[in-house]
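> One-letter residues, chain by chain:
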Amino acid sequence: MTEIEYALNTFYLLVCAAFVMWMAAGFTMLEAGLVRARNTVEILTKNVALYAIACLMYFLAGYQLMYPSEGVNAFWPGIGFGLGADNTAEAVTAAGSEITYSAMADFMFQVVFVATAMSIVSGAVAERMKLWAFLAFTVVMTGVIYPWQGYWSWGGGFLNAIDYSDYAGGGIVHMAGAFAALAGVLLLGPRRGKYTVDGRARALPGANLPLATLGMFILWMGWFGFNGGSELIISDVGSANNVAAVFVNTNLAAAAGLVAALLAARLTFGKADLTMALNGALAGLVSITAGPAVGYFHRPPGRCHRGVLDHRPGQAAHRRSGGRDFGARRLRHLRPAGCAAIQSGGIAAVAARRHRRHRQLRVRLQSRRVGVAARDNGHPGESGRRARGTGLCRMRDGSLSGLCPRRRLIRLPRSGVAVTLRAVFLGPARLGRALFYPGWWSRA
Amino acid sequence: MTEIEYALNTFYLLVCAAFVMWMAAGFTMLEAGLVRARNTVEILTKNVALYAIACLMYFLAGYQLMYPSEGVNAFWPGIGFGLGADNTAEAVTAAGSEITYSAMADFMFQVVFVATAMSIVSGAVAERMKLWAFLAFTVVMTGVIYPWQGYWSWGGGFLNAIDYSDYAGGGIVHMAGAFAALAGVLLLGPRRGKYTVDGRARALPGANLPLATLGMFILWMGWFGFNGGSELIISDVGSANNVAAVFVNTNLAAAAGLVAALLAARLTFGKADLTMALNGALAGLVSITAGPAVGYFHRPPGRCHRGVLDHRPGQAAHRRSGGRDFGARRLRHLRPAGCAAIQSGGIAAVAARRHRRHRQLRVRLQSRRVGVAARDNGHPGESGRRARGTGLCRMRDGSLSGLCPRRRLIRLPRSGVAVTLRAVFLGPARLGRALFYPGWWSRA
Amino acid sequence: MTEIEYALNTFYLLVCAAFVMWMAAGFTMLEAGLVRARNTVEILTKNVALYAIACLMYFLAGYQLMYPSEGVNAFWPGIGFGLGADNTAEAVTAAGSEITYSAMADFMFQVVFVATAMSIVSGAVAERMKLWAFLAFTVVMTGVIYPWQGYWSWGGGFLNAIDYSDYAGGGIVHMAGAFAALAGVLLLGPRRGKYTVDGRARALPGANLPLATLGMFILWMGWFGFNGGSELIISDVGSANNVAAVFVNTNLAAAAGLVAALLAARLTFGKADLTMALNGALAGLVSITAGPAVGYFHRPPGRCHRGVLDHRPGQAAHRRSGGRDFGARRLRHLRPAGCAAIQSGGIAAVAARRHRRHRQLRVRLQSRRVGVAARDNGHPGESGRRARGTGLCRMRDGSLSGLCPRRRLIRLPRSGVAVTLRAVFLGPARLGRALFYPGWWSRA
Amino acid sequence: MKLITAIIKPFKLDDVREALADAGIQGMTVSETRGFGRQKGHTELYRGAEYVVDFLPKIKIEIAVASEDAERVIETITEIARSGRIGDGKIFVTELERVVRIRTGEVNESAI
Amino acid sequence: MKLITAIIKPFKLDDVREALADAGIQGMTVSETRGFGRQKGHTELYRGAEYVVDFLPKIKIEIAVASEDAERVIETITEIARSGRIGDGKIFVTELERVVRIRTGEVNESAI
Amino acid sequence: MKLITAIIKPFKLDDVREALADAGIQGMTVSETRGFGRQKGHTELYRGAEYVVDFLPKIKIEIAVASEDAERVIETITEIARSGRIGDGKIFVTELERVVRIRTGEVNESAI
Ligand SMILES: Nc1ncnc2c1ncn2[C@@H]1O[C@H](COP(=O)(O)OP(=O)(O)O)[C@@H](O)[C@H]1O
Ligand SMILES: Nc1ncnc2c1ncn2[C@@H]1O[C@H](COP(=O)(O)OP(=O)(O)O)[C@@H](O)[C@H]1O
Ligand SMILES: Nc1ncnc2c1ncn2[C@@H]1O[C@H](COP(=O)(O)OP(=O)(O)O)[C@@H](O)[C@H]1O
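Residue numbers (our numbering), protein chains in the order written: chain X, 13 to 456; chain H, 13 to 456; chain F, 13 to 456; chain Y, 248 to 359; chain R, 248 to 359; chain D, 248 to 359.
Careful: at least some of the hints might be erroneous.
Listed below are the simulated BS3-like cross-link pairs for lysine-lysine, each with C-alpha atoms no more than 27 angstroms apart in a straight line [as the list claims (entries may be wrong)]:
| id | chain 1 | residue 1 | chain 2 | residue 2 |
| --- | --- | --- | --- | --- |
| 1 | F | 142 | D | 287 |
| 2 | Y | 287 | H | 142 |
| 3 | H | 283 | F | 142 |
| 4 | F | 142 | R | 287 |
| 5 | X | 142 | F | 283 |
| 6 | Y | 287 | X | 142 |
| 7 | H | 283 | X | 283 |
| 8 | H | 283 | D | 287 |
| 9 | R | 287 | X | 283 |
Don't read these hints as lab results, they were simulated from the structure.
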C-alpha cells in the first residue's frame, strides 16, 4: 500500500467516523422529539452522557479487552488499557495490502459504533429508567460486556475458534444490547400514564415533531458514514465502486422504508402519519445495514427490471481480509436485531449457541411476529442468498464462493405487502426504540 | 486515470452527495420554521416524503429515461429501469481521462439534485396543497417530466442535437419546477387567513425562527456539496483549485447576500429582519450557483480591488469533457431560475424555444420586475460575460473559447444598490419559496 | 508533491473547513437555546450576521492585511485587498514539499477561523449589546484588529521577528477577542432582570435545551474539522496518523469534559445538570484544541495504563514547515484562552509583551482563580511538557526538539478533582460564553 | 360593571377584536385555551396508533365593561364570532365588584 | 347558573374529564396555568447554579353549569381530582349572570 | 370571599409574588395571557413586510382571598406592579361564592 492510499483510506474512515458520531445527535433529537415534554431534559442528558461514557470506557478498557495483543485464554482476554501504537510509514509501505489505514482511525470508527449500539438500550428504556442507574449500566456495558463478547467472536476467543460467524455483530452488538433493553423494559414496566385506570392504552404523542424529523435526517446522513465506512478501504476501483453502491443502497433503503410506511399508514388509517414515515425510514436504514453493498448492486445491461445483483466485490474484499484490521470490518453489518433479545435468555447465552441454531430461533420468532420474514444465512465459503433490505426487487442467488465468506445473508420478504408490513412493524421494534414513548397531560 | 485518482474522485463525489442530501433537512427545517405552527406537521411530512419519492422514482425509471444507452428517437428516449453496471478496474486504467469516477457515485450525486429541484415546488405550494395530490405530482415530476426533459437536452435528445445550451439546468430543472409551482399557486390561490375580509394582507409570521435559522445553516453547508461537487473531479491541481475556489465563492456569496439583505431591511424599515437575512443568504447561494467557479476567482497581483476573475479552469474542464460522465457535469450550475416559469406557457415550451430567445424573454421580464437585472449569455465557443452571483466585484469579459463551451453565463447587476435589491427581491422569488407563508391566529 | 497528494490535501482541508463553518450553526443553536426566549431572535440575528461579516471583511481586507506579499514595516503591513493567485500545476510538482494544498483552500480554512474567534465576543455580550453596535464592532474586529495583530506575529511583523511564539493563536485570536468581550461585559453591566431589587442574583434558565444540546453536538462534530484540519496535510502516513490521533483526542476530550462536569454537578448538588454537561463537553473541546495531536497519542506496548504520549509527528511537521502555507498552520491550536483578556490591559498590550512574561502572568492569574491550573510553555527548539486537555492521564515529558518548534505546550491539572474543577469552572469562562444568560419571566 | 368572558374559535380573533374596537372597547385580555363540548375532536395518528384529540384550541377573551355597555359588547361578539357551525363557543357574564387601574389607582368605570 | 373553576394537577385531567362526561357535563374549557401554594416547588440546576422553580404546572378547568348541577359537579371533581397529597388544588364557584351560545344566540340554561 | 384577578406586566411577577407572600398570601394561580389596551403594540418585520404585534404579553394572577384581606391584597398589587407607564394592567374583583380545597374537602375561608 502506498502512502497516498493509506492516507486516503484513513481520511475516508475519519470522515465516516465523524458522520457516525453525528448519529448520536440524530438519536438524541429523535428521542427528544418523541418523548413527552416533561422527559425531554432527561432524555437529552441520557443521550449526551451515554455517548461520552461509551467513548471513554471503550478507550480506557474496552478496546484492549476486545482486541488484546494476546488473549489469556479463549474465554478471558485479560485486562488491558488504552490503545496500541500506530503504523509506521516503513511498515505501511512494506506491508503490501496488509495495512490499509491508521490504527487510530480504526479505533475512532469502532468507538462510535459502541456508542451507537448503546443507543438501543437508551431508546427502549426512555422515560422509564433512572438516569444514574442507566449511566452505571452504560459503564459496564461499554467497558466490559460489549468488548468481552467481542473478544469471544472477533478478538480471538472461543467462538472465533469454532468458526462462529458474527459478521453483522448481531450477536454481540445487538443481542446484548437488546437483551438489556428487554430486561429493562420487563423490569420497569410500562410508563406511568400509558394506561387509564380501567386498562385502556393511551397514545402519548411526542412533544416536538420538527426535532424528531431533524433527528431522522441526521441519522439518514450519519448512516452514510455507518454503512459507507464499513467498507473500510476505498483506495482502489473495486472498493470505491463498493462504497458508492453502499451509499446508493443506503439512500434507497431509507427512501423505500419511508414510502412504504407512509403508504401503510394511508391504507390502514386513511391518512398520513409522520411518525410512521420517520420510523419507516429508520427501519429501511436498519435493514439495509445488514448488507448495504449488495442491496442493489448493478443491473447487467439487457437485464433491466430484474433489479438484481451479481455482486462481485472481489478484489477489495479479498485484499482486505489479509491485514489486521482491528475488527471494525466485522462490524460492517449491523444486523437488524433490535428485537433479537427476545430469543435470548441472557448474555451468557450469546456464547453458548452456535450460529445456525441461533438463526433458526430467530427466524421462527420473527416469522411468528410478522408472518412474513423468512431469513436464511449463508455459511462460510458457501454461496448464499442476498440481503435486499428494501425488498424492492426480487431475490436471486449469486455465487460468491470465497469472496466474502463470512458475510451474513438474509432473505427478505418477497411481496410488496410483506415489505410494507416489515418496514412498518419490524422496523420500530428492531431499532429497539419507538414503541415506548408519548403523551400530553400526565404526571405533574 | 489511476485507481487512486478514481477513488479520490469517487469519494469526493460521495461526500458532496451526502452534503446535498443534507440540504433536504435544510429545506425541511427552513420551511417548518417559517410556516404557521398549524401547518408544521404537514410541511414536515411533505418534505420527507418528497425526498424519498424523488430518490425512488429517479432510481426506478428516471435515470434510464434521462440517460438511455440508446434513445428511441430524439423526442422519446424509450423506457428503461434501474442503473447500469459500474466501471471495472481494467476499464478505468485503460480509459485515460474518460472515466473519472464511479457510475454509482454519479447516480448518487444526480439523485439528490432531483430531490433538490423538487423542493422548489414544495416551498411554493406550502400551506396550500393537499398532501396526497402533492405526492402524486412528485411521482410524475421526478419519474417522468424531469428526466424526459433531461433527455431532450442532456441525454441525447433533439435539443441536444440543435446545440441547445442548458448547462445550468435552468430550462429543465427550474423552468419545469417553477412552472409547476406557479401553476399550483395560481390554481390554489392565497392561503386562507392571508387576507382580511376587507382585502388587506396580513403578515403570517413563522412559528419557529431558530428552526428556520438552522435550516439556513444546513443549506449553506449543503451547498458546499452542491456547488463543490459539481466540479465532478478533484484529482489534479487544476480541479482541486477549482473546487477550492467554488467553496470560497459559495461562502462569500451567501455572506454577501445575507449582509445585503440585512442592510436593505435596515435602510428600508430602520431595523434588522432575521427572515430577510436568511432569505438573503439563500438568494446569494442560489445566485452563485449559476457560476460558482468564476464568482471570485483570483486576483492577479497588482490588480487589487478589481476583484475580478480571469477564469482559467482549463485543464480540468477540458479533460473532463472527454468521458461519459453520466450527465451530472451538466447539472453543474443551478440557474437561479425559480421564477423562470413566469416566462413559460407550459412544459412543452421548454422544448420549443431556442436558447437565445428564451434568454431575452427572461431578461426582459426580470428587468421589468426589479429594474436592475441585465443578463447576457455566452454562446458555444464564444467568449462571454461572467456570472458574479454576489455582485460584490465588477464584471470583466474573460476569453474562454473552447474551454467550457456550454457554460451558461449571466451578467449581473452592476451597482451596489442593484445587488442589494437583487438579493432582497429576486432571491426569495427565485428560490420559489419564501413569499408564501405565515400567521399567528388563523383557522382552528 | 504529486498532483494527487495536492488534491487530497486540498479536499481534506475543504471538508474540514465545511465542518468548521458548521460550527457557526453550533454556536447559534447553543446560544439560542440558552438565552431567554425573548432574546432568541436577536441572538440568531447576531450569529448569522457575524459569520457573514467575518467572511466578507476577512476576504475584502483582512487576508491581505495579515499576509501581505511584503509588509510596509514590522508594525504596519500596508493595505491590500482580496486574495492572491492560486498555485499552478507546474509550481506544485516542481515545489517538492513546499506547496501542499490550494491557496483558496487555505483561505477557506482561515476565514472560518476568524468567524469562530468572533463568536467569543458574541457569547459574552449575549443579551447585553445592541445589535448594530455589535455588528459595527464585528466589522472592525474581523477586518482590522484581528488581521493586523495576526501580521505582527504570523504575517512577518515584529513579533514574528523577535521569535514570539503564538502557535495557538492565544494572543491574537483569543486575547483580542476576550478583551473585547470583557470590555463589553464591564461596559454593559449585568443583564436586566439578573438581580432582584435587593441584590440577589436570579437564575435565568435557558429557553430551549434540545436546541442547546443540538448546538453542542454540532460543535463537537465541527471540532473534528477545527482540530483535524489544523494538521493541514494528510497525504503521507505520518500526517494521516496525526490526523487520526487528533480525531481520537478531540473526541475523548469532549467525552471526558462532559463526564467530569456531570459528576461534578452530581457531587456538588446531588443531581445531574444538562447545561453543565454541555459546558463540560465544550470545555473539553476547547482544552484539547491547545494540543490535539499530543493529547493521547499512542501507548507503546507494555506501558499500559501510563496513558501517555511519545509524540513523533516527525515527517509531517517537518516537511510542512518548508512551504508558504498561508499561516493557517499557525492557527492550529486555539489556546483555551477565552479568559485571557483578564490579563490584558488592551489590545496594544498584545504586541508589547514577550511570550514568556505573558505566560507567567496568565499562569498566575489562572492559578489564583481555580487553584489548580499549572501551566508551562515549551519554547522554540526545546523539549516541553505536553498538553493533555482531558487530564485523564498523567503527564510525561517528551523530547521533541526540532520537530514542532513553535508548538505551545500546556501542563494541565494532575488530580481528578482538579480536572473536574477545571472542566467545570474554566471551561465556560474559556469559551467566553456560558456564564451570562437565562430567565423565565422578565421585561415585557 | 360586568366581566364578559367569551370562548371563540381562534381564527375569529382578529375580526372580533376589530369589531370591538369599532364599538369603542379599549381593552381586553386574551388567552389560549382548549375547549371540550358538542364539537367533537378529530383523530390523529401517532406511530401507527390512532388517538383522539378531544380538546380543540379556543381563544378566551376577557373584557371588563361598564354595565350599560355589556349588552352591546355581547351582541357584537355573538354576531362577529358566529360561523354557524358547532363549536362557535360561549359567552359568560359575571358581575364585577371592582376594577382598579394599576398605573393610576383609578377605580371602577374610570379604570376600564 | 354557576361558573365552576377548578385548579387541578395536570395528570388528573383525563380522569376528571371522563368523570364529568359520565355525570352528564357536556362542555368545559381548559387552560394551562402555574400554581403557587403550600406545595413547594423543587430546585433545578442550571449551569452550575441551583434555582427554585416556584410555580408548578396546574390545569384550570372552567365549567358553566345550571345552579342545581353545581353541587354534583363540585363533588365529582373533588373526588376524582383528589390524590391526597399537597397541591391537589382548589375549586372556586362564582355566580354567572348570563350565558350565551354564540352559534345560536340561545341564552342561559339552554346555552350550556 | 373575593376572587382577585390581576393583569400585570410579566417582569413584575416575581416582585408581586414576593410582596404577596410577605403580606401573608399563601397561594395564587398564574397564567400567561396577551393584553390589548391603551398601550399600543410594536411593529415587527417579517420577510420584508412590517406587521403590528397588537397583543402584548401579560401575566394574569388569580387569588382567592377572604373578603377582609381583599383590600390589602389589592393595595399591595397596585403598589408593587406599578411602573407608572401605560400598560401596567388592571385588577378585577369578583365575588366568590364558594371555595373548596380538593385535598381535604374543606370549604370557604379554611380552604384558602
Ligand atoms: N359548560 C361549559 N362550560 C365552559 N365552557 C364550555 C361549556 N360548554 C362549552 N364550552 C366551551 O365552548 C366551546 C364550544 O362549545 P360546543 O358545545 O362545542 O359548541 P356550541 O357552543 O356551538 O354548542 C367548547 O369548546 C368549550 O370551550
Ligand atoms: N388563594 C389562592 N388563590 C388562587 N389559587 C390558589 C390559592 N391557593 C392555592 N391555589 C392554587 O391551588 C394549588 C394548590 O394549592 P396548595 O396550597 O399547593 O395545595 P392544597 O390545595 O392541597 O392546599 C396551587 O398550586 C394554586 O394553583
Ligand atoms: N376593559 C378591559 N378588559 C379586560 N382587560 C383589560 C381591559 N383594559 C385593559 N385590559 C388589560 O390591561 C392591560 C393594560 O391596559 P392598558 O390600557 O394598555 O394600560 P393601562 O392599564 O395603563 O391603562 C391590557 O394589556 C389588557 O390586558
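> Does each hint fit the structure? Answer for all of them.
Hint check results:
As the CA atoms of residue 142 of chain F and residue 287 of chain D are separated by approximately 23 angstroms, the hinted pair is consistent with the 27 angstroms bound. With a CA separation close to 23 angstroms, the supplied pair residue 287 of chain Y and residue 142 of chain H stays within the 27 angstroms bound. Distance restraint check for residue 283 of chain H and residue 142 of chain F: the Cα-Cα separation of roughly 12 angstroms lies within the 27 angstroms cut-off, and the hinted pair is therefore satisfied. Between residue 142 of chain F and residue 287 of chain R, the direct Cα distance comes to roughly 38 angstroms. Violation of the 27 angstroms bound is thereby established for this hinted pair.
Distance restraint check for residue 142 of chain X and residue 283 of chain F: the Cα-Cα separation of roughly 12 angstroms lies within the 27 angstroms cut-off, and the hinted pair is therefore satisfied. About 38 angstroms separates the Cα atoms of residue 287 of chain Y and residue 142 of chain X, which puts this hinted pair outside 27 angstroms; it is violated. A threshold of 27 angstroms between alpha carbons decides the hint, and for residue 283 of chain H with residue 283 of chain X the separation of about 44 angstroms lies outside it, so the pair is violated. Simply put, residue 283 of chain H and residue 287 of chain D have alpha-carbon atoms about 19 angstroms apart, close enough for the 27 angstroms limit, and the pair holds.
Proximity of residue 287 of chain R to residue 283 of chain X is assessed by CA-CA distance (about 45 angstroms); at most 27 angstroms being required, the pair is judged violated.
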